[in-house]
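Following the hints, put chain B with the ligands in place on chain A, whose structure we already have.
Now for the letters of each chain:
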Amino acid sequence: MSQRFLLSRRLLGTTALAAVFAGRFAHAQSREIQIAAASDKPGNIDMQLDVNGETHKLSLDPRTTLLDALRDHMGLTGTKKGCDHGQCGACTVLINGVRMNSCLSLAAARDGDKITTIEGLAEGEKLHPMQAAFVKADAFQCGFCTPGQICSAVGMVAEMQRGAPSAASMDFDAKPVGSVEEIRERMSGNICRCSAYPNIVAAIVAASEGAPT
Amino acid sequence: MRAFTYERAKDIDAAVAAAQQPGARFIAGGTNLLDLMKVEVEKPAHLIDVSRLPLKDIADAADGGLTIGAMVTNTDLAADKRVMERYPMLTRAIVNGASAQLRNQASTGGNLLQRTRCPYFYDVSKPCNKRQPNSGCSALQGINRMNAVLGGSDACIAVHPSDMAVAMMALDARIETKGGSKKGRTIPIAELYRQPEGSPERDTNLEPGELITSVTLPPAPAGKQSYRKVRDRASYAFALVSVAAILDIDDERKVRSARLALGGVGTMPWRAREAEQGMAGAIASEKTFATAGTVAVDGAQGHGGNDFKIPLARRTIARAFTDLSAKA
Ligand SMILES: Cc1cc2nc3c(=O)[nH]c(=O)nc-3n(C[C@H](O)[C@H](O)[C@H](O)COP(=O)(O)OP(=O)(O)OC[C@H]3O[C@@H](n4cnc5c(N)ncnc54)[C@H](O)[C@@H]3O)c2cc1C
Ligand code: SF4
Ligand code: FES
Ligand code: FES
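Chains as they are written, first to last, in this note's numbering: chain A, 1 to 213; chain B, 1001 to 1328.
So here's chain A without its partners, still in its complex pose:
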């Protein structure tokens, strides 16, 4: 019993770390995919997606969501599919620097856009400060929501810096921007089924304190 528990903890931990470190393997993988996808079935549409600084020329069924294009056609499986309906945030990516749910976007509609996924945040071996903060604060348990949480948090910091309001800062008992309550509100689009919220918020607070305002 205790052995099984230990084993599963280890496996879960590995998934989480894979999400954080996924950047290391992404580039080699995506180049191959680019060639494999250059078939055009009748009815497919051509599109060009700039993902993590690489251009992908794809010919896909119009039904393909950005999420499925990333995972199934570019081999970028760091972005997760939780609900596929905009309800969980696991699929969050940055589109032209803005966080969005990739499950509710058609890939074709993103033609020419600049997309950053969890694989694109690190610079080589150097983790993005938000990734490093998640590792340091132990901000995950199973890790499934983690890529979406991190991309969302990166987008959130930019929104705060731009002065975008949140329900918590606009409300009757307004909470100061950047407070724990306010960050929880801004991050409400990312559900964590393991409920790692306290450490997720701690990681974001730590990372956003270091960020320039």
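It should be emphasised that the hints constitute simulated quantities derived from the structure, not laboratory data.
It is possible that part of the hints are untrue.
[What the hints assert, rightly or not] Some, not all, of what chain A presents toward chain B, calculated at C-beta under 7 Å: (1) Pro62; (2) Thr92; (3) Ala108; (4) Pro165.
[Stated by the list, open to error] Take a look, some chain A residues computed to stay more than 10 Å from chain B by CB distance: (5) Ser59; (6) Asp61; (7) Arg71; (8) Thr77; (9) Lys114; (10) Lys126; (11) Gly155; (12) Val177; (13) Ser179; (14) Val180; (15) Ser195; (16) Pro198; (17) Asn199; (18) Val201; (19) Ser208.
Just so you know, these numbers come straight off a predicted model, no measurement behind them.
Where is the CB? At the ideal position from N, CA and C, for every residue including glycine.
Quick look at chain B with the ligands alone, frame taken from chain A:
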């Protein structure tokens, strides 16, 4: 998802022309349409992507109001300094809806035209007049906790789920369109939406292929504004009840004018004009606001699961105005 063809509209005229083909639909942010296409509630044969049309500006209108392009994102609209200053209830309504990711993607036009979240509308195995005309309404005798208590009929009791539209209803927004059989027209928001009676499959009075190009807010009315939303969890949930309120009181604490619109309770974003008229001239007191709450839900009809919304609406209205009068 059913197969469809896709095109990106070059300009407004091209979008409107393309919309003449049978089965064509506009797609903007896609956060509602794509969601419904995945469950095959929506089955467009052709999608016209209007998300890159040059309708992304917010401009001062000649009369002192504000004209909002249909493709302005919910985030950009909420964060606009003029909106935050002159129409703070609109910012509040928007940031209290959906999630930051969704608001970044969703457009002003798409938000107005999002469809109901009635669970039976989403479940293609169940009868639903809105999805399949004349198949029946499963919500009347079924799980109707989230459904409407105002404006419903034997045909449909679906709530219009938009928060943004409730604030726009209180602000008397005007919807500008192109296409359909019209050359272009302006529709007061109160006439954009329609009651389910007769044809619940139609949520609005827009014609097929009619494109929303912009929404104009008249100059902000006098008084303090608020948007109060009550829901099952603190964030990222649709309204059980929401209240958009504007209150203007004079030095003797008499109500000069009041406006009240409700979300979560009506088959369309709901303007409570009798309650507004009743408050005008009365002393701004808890009693006045409690009466306004009672008048606003006069004639409301519960269906079992949603009975609680009637007293909840009453109290939320009283609370919203009481808070506003304390600030005025
Ligand atoms: C999990 C979840 C939670 C949510 N919570 C809330 C909430 O709490 N409050 C709230 O208000 N909303 C909520 N929403 C809904 C969200 O606000 C809408 O999905 C969004 O505003 C729709 O905008 P869009 O641009 O993505 O529309 P689309 O999906 O692109 O379009 C919606 C409809 O409008 C039509 N359309 C779009 N633009 C035009 C135009 N210019 N002219 C004519 N027709 C047009 C489309 O054909 C389609 O029928 C939630 C959504 C999700 C998925
Ligand atoms: S309330 Fe309207 S949307 Fe819901 S099941 Fe009845 S007809 Fe369908
Ligand atoms: S997978 Fe996109 S929000 Fe859940
Ligand atoms: S860590 Fe498991 S879902 Fe968030």
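Going down the list of hints, with the structure as the test:
no. : hint   : verdict
1   : Pro62  : holds, 4 Å
2   : Thr92  : holds, 6 Å
3   : Ala108 : holds, 5 Å
4   : Pro165 : holds, 6 Å
5   : Ser59  : holds, 13 Å
6   : Asp61  : violated, 8 Å
7   : Arg71  : holds, 16 Å
8   : Thr77  : holds, 20 Å
9   : Lys114 : holds, 15 Å
10  : Lys126 : holds, 26 Å
11  : Gly155 : violated, 7 Å
12  : Val177 : holds, 12 Å
13  : Ser179 : holds, 15 Å
14  : Val180 : holds, 13 Å
15  : Ser195 : holds, 13 Å
16  : Pro198 : holds, 16 Å
17  : Asn199 : holds, 19 Å
18  : Val201 : holds, 13 Å
19  : Ser208 : holds, 14 Å
In this structure, the earlier hints numbered 6 and 11 are contradicted, and the remaining ones agree with it.
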